[in-house]
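**Q** Each chain, written out:
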Amino acid sequence: MDETIIDLVDLTKKYGSFTAVDHLSLSINKGEVFGLLGPNGAGKSTTILMMLGMTDPTSGTAHICGIDSTKNPIEVKKRVGYLPEDVGFYGDRSGLDNLIYTARLNNISEKEAKVKARELLKRVGLSEAIEKNAGTYSRGMRQRLGLADVLIKNPEVIILDEPTLGIDPKGIKEFLRLIIQLSKEEGITVLFSSHNLHQVQQVCDRVGLFVNGKLIAVGDIRSLSQRLFADSPYSIDAGINLSASDPKIEKLKEKLSTVEGVTNVNMKDNKFHLECSRDATTEIAKTIIESGFDLNYLNKKEYGLDEIYYRYFEGGDEHE
Amino acid sequence: MGSMKFTTGILKEETNMSNITNQAPVRTSKFSLPNIFRNSRNEEIPLHPFRVIVEKEISDQVRSWRFIILIAIIVLTTLGSLYTSLNSLSEAIKVSHVNNSFLFLKLFTVSNGTLPSFFVFITFLGPLLGIGMGFDAINSEHNRGTMSHILAQPIHRDYLLNAKFIAALTVITFMFFALGFLVMGLGLISIGIPPTPEEFWRIIFFIILSIVYVAFWLNLSILFSVKFRQPATSALTVIAIWLFFTVFYPIIVNLISKSVIPGQMATSYQMYFAEELKVNLMRIVPNQLFSDATTTLLVPTVRSLGPLTMQQVYGTIPGALPLGQSLLLVWPQVTALIAGTILCFVISYVMFMRREIRSR
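In order, the protein sequence lines correspond to chains A and B.
Position 155 (the first sequence) corresponds to 155 in the numbering used here; numbering is contiguous.
Position 138 (the second sequence) corresponds to 138 in the numbering used here; numbering is contiguous.
It should be emphasised that the hints constitute simulated quantities derived from the structure, not laboratory data.
Idealized CB from N, CA, C, for every residue including glycine.
Do not rely on the hints blindly, as some may be mistaken.
[Claimed, not checked] Partner residues aside, some chain A positions facing chain B, computed with beta carbon under 10 Å:
(1) Tyr15
(2) Leu49
(3) Lys77
(4) Thr102
(5) Glu110
(6) Ala113
(7) Val115
[What the hints assert, rightly or not] If you want the footprint, here are the derived chain B segments under chain A, 3+ residues with CB under 8 Å:
(8) 50-56
(9) 153-160
(10) 351-358
Next up, chain A with everything else stripped away, as it sits in the complex (with noise of 0.2 Å):
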């Protein structure tokens, strides 16, 4: 079951003095979906294309299928389906044709791919548009041929780089409904990169949080915030009918970060932010009522991969 497919040892590539990617180690298991996560610029597409062999990297190495993709790119590619940011097809021919070329370049004759292509257009639910060139796609039709395209090859692994970017909301939904169906249907590995969290939280099974050219956190969201919060796992917002500038607020921040479990007391906008160790909602609002204060707000946060992200990328900067 663990059987690793893509791995990656300090994979590192710079541009001149700028580092893209900075001795990136990472291994993906068969059948997984994994979510590359990190601001633009960060280095996600120049890692796509080093595990690719589209470009060398300055050192460390990158096996997909257990082929190193710097000396044998042409085997990699065979196995492995990418789907490049903002695809384009040739816009004079139709969507069934540029599915043709894809198949026919990857050694699949030409009777094969026209069966094939039919039918992958079909799953994708492209069926009406088959005949229309697809310079008259629009951009969520053309990120489904992208899908089709990907799978004519029948990869192993399909590698797809920020493949929701200008497609509305239910068509977001829908291609990555697509995408899971698949990897569980045929059991493909699929690797995404994308700077939008919740789409990555939605289907992915683990999460790589790539920062600065590093790879800052790998794992399952629940494990992820675990980690990363581990000493305050949960944010409790009690807001209160006095205005900040009041002496009494004092007393009171003093008595709540004396109540077990409260790691942190901040207060803003009539709202205290408290961060715990323990699930302290009931004792924080006790305290409050006991001290003489109007509660009127009380809201009990666990961390999701929002948190996890903005907390890494404001924090990234500190770190520099």
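Let chain A serve as the given structure and place chain B on it in line with the hints.
**A** Here is chain B on its own, set in the frame of chain A:
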């Protein structure tokens, strides 16, 4: 559409042929049927990806409006020049007293002054054809976002560049042979005298030379299509180079040669040197190389492309050179053109292979 089917047909035929040769020992005894009957069997073997790209590029070229317009211009000018040469042919026969046997070649060279002759047209329009077919070869692929898509397929990167070149060259080859034979055929019908074998071969070599000439411009434009991201920039750059060579360079050479021209009292050696300098300077220009070479091939009485001294000419019997000698005479020109083509290709190849391909 029709032409696309045509090319596909040709390539398919070739697959069948190659399959037959591959499996000949096993099959010859079993099958004596013509190819058509084996089609269903052989279709299962896919074409090599490189051939697939070439096939696609050819059909792209042939279907593009640009190509249709270019071919229309060239066919029209061909017919025009053929018309004028046919009109002035009778005059030319009277004038030429040296050798009337090269009458057929005059179809390509003679003109009454209203329209230039066929080979002058090719000198002029050939570059335009080459530029038109190559100036957006690589950068358009990039701008459409198809580049990273194609390169993500299991093919070597140079396939794309090579296939573009081969495809354009194939189209040019077919076109020039068609044009050459068109002129020959129409000429044959209207003057009624068949070409001698030597004339025929001279015309074939002329056609091959034209292909090399256009291939040079094609490669130059492919080079700029690799270099510049915008097709407009690359097109303008190549056209600028073409204009420089056809219009400005001769003017510059004239200025230089005027400044070095010796006075009335100069020795013949100095005169010779000045003339030689001028000729050599002009030889940098591909157009000059081409027109020198074509003149030699199509006008067999041309015996030297540089200046000749009186001693060299003295005592020669006026007559035509045999084909072999003409070919020998143009050999440096042809070599230079081919070298230029290869140079451009190598530069664009290196640039293309080193570039990192990112999406759009």
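**Q** Is the interface hint for tyrosine 15 of chain A satisfied, with its Cβ closer than 10 Å to some Cβ of chain B?
**A** 9 Å, holds
**Q** Hold the hint about leucine 49 of chain A up to the distance rule: shortest CB distance to chain B must be less than 10 Å.
**A** At 7 Å from the nearest chain B Cβ, leucine 49 of chain A passes the 10 Å test, so the hint holds.
**Q** May I ask you to test the interface hint for threonine 102 of chain A with respect to chain B, counting a Cβ-Cβ separation under 10 Å as satisfied?
**A** 6 Å, holds
**Q** Does glutamate 110 of chain A pass the interface check with chain B, least Cβ-Cβ distance below 10 Å?
**A** Holds. Min distance 7 Å.
**Q** Does alanine 113 of chain A pass the interface check with chain B, least Cβ-Cβ distance below 10 Å?
**A** 8 Å, holds
**Q** Does the segment 153-160 of chain B contain three or more residues whose Cβ lies closer than 8 Å to a Cβ of chain A?
**A** Since 4 is at least three, the answer is holds.
**Q** Examine the segment 351-358 of chain B for residues whose CB is less than 8 Å from any CB of chain A, and state whether their number is three or more.
**A** n = 3 at 8 Å, threshold three: holds.
**Q** Would you say the segment 50-56 of chain B counts as covered by chain A, given the rule of at least 3 residues with C-beta under 8 Å?
**A** holds (count 3)
**Q** The hint names valine 115 of chain A as touching chain B; please verify it with the least Cβ-Cβ distance against 10 Å.
**A** Since chain B brings no Cβ nearer than about 12 Å to valine 115 of chain A, farther than 10 Å, the hint is violated.
**Q** Once the shortest beta carbon distance from lysine 77 of chain A to chain B is found, is it less than 10 Å?
**A** With a minimum Cβ separation of about 4 Å from chain B (threshold 10 Å), the hint on lysine 77 of chain A holds.
Against the hints set out earlier in the document, a violation occurs for number 7 only.
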